[in-house]
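Protein chains in written order, with my numbering: chain A, 1 to 112; chain B, 1001 to 1115.
If you are wondering where the hints come from, they were derived from the structure by calculation, not from laboratory data.
Even glycine gets a Cβ: it sits at the ideal position worked out from N, Cα and C.
One thing to keep in mind: the hints can contain errors.
[As the list claims (entries may be wrong)] Distance windows between CB atoms, simulated:
{"hint": "1", "chain 1": "B", "residue 1": "Phe1091", "chain 2": "A", "residue 2": "Gln60", "range": "25 to 31 Å"}
{"hint": "2", "chain 1": "A", "residue 1": "Asp17", "chain 2": "B", "residue 2": "Lys1055", "range": "47 to 53 Å"}
{"hint": "3", "chain 1": "B", "residue 1": "Lys1064", "chain 2": "A", "residue 2": "Asp17", "range": "44 to 50 Å"}
[Unchecked claim] In silico EDC-like cross-links for lysine to aspartate or glutamate, where the CA-CA straight-line distance does not exceed 16 Å:
{"hint": "4", "chain 1": "A", "residue 1": "Lys99", "chain 2": "B", "residue 2": "Asp1027"}
{"hint": "5", "chain 1": "B", "residue 1": "Lys1041", "chain 2": "A", "residue 2": "Glu39"}
{"hint": "6", "chain 1": "A", "residue 1": "Lys99", "chain 2": "B", "residue 2": "Glu1102"}
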Amino acid sequence: GENVEQHPSTLSVQEGDSAVIKCTYSDSASNYFPWYKQELGKRPQLIIDIRSNVGEKKDQRIAVTLNKTAKHFSLHITETQPEDSAVYFCAARGAAGNKLTFGGGTRVLVKP
Amino acid sequence: GAVVSQHPSWVICKSGTSVKIECRSLDFQATTMFWYRQFPKQSLMLMATSNEGSKATYEQGVEKDKFLINHASLTLSTLTVTSAHPEDSSFYICSARGGKSETQYFGPGTRLLVL
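The whole structure should be built from the sequences, with the hints applied where relevant.
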């Protein structure tokens, strides 16, 4: 089955700096890669996603890049703000299946 | 985005009792629903996938007789934790996906505490 590794597990950045989270996946047939943000005690919220036919996608301060050859994808947050502090999860969905496989999560702390 | 609700948000029960958690898609038809379990400071662990009108598919290691899942309509799925024990205490989150959409929306979660 699919295996998703996520790094780092914790990330502390100064407000205004950029944050980068990286994920690798094992199933070369995976074709959908969402990123979720989860604040303490709350539901995961989709913040951006990318499909395998696209190499990069941007939405304001958030961008995701995908390298299918290397089987890795990354989340980039620019001009970080304190409200960006949360746990971020990457995920991958294999072409054969219906389910998302999640990475272990990255706890991001933005220090004012 | 689409809205998924989940009830109850909190439940405390005695060991040996059963608890039912409801997951509803409020503004779309959820052809597939997913049930996850999340331990503190850990990732989302998929328990089972259910398609409307058919039996749920359970992940390896998840006891289907203990965690009963019913997806009787396109807007409602239920998870029943039967004969709950303290080790079943956890945060349970449902998620729904509709039609050909790839996006999966999460419910707010249910925190279960078994005494």
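**Prompt:** Which of the listed hints are broken here?
**Reply:** 4
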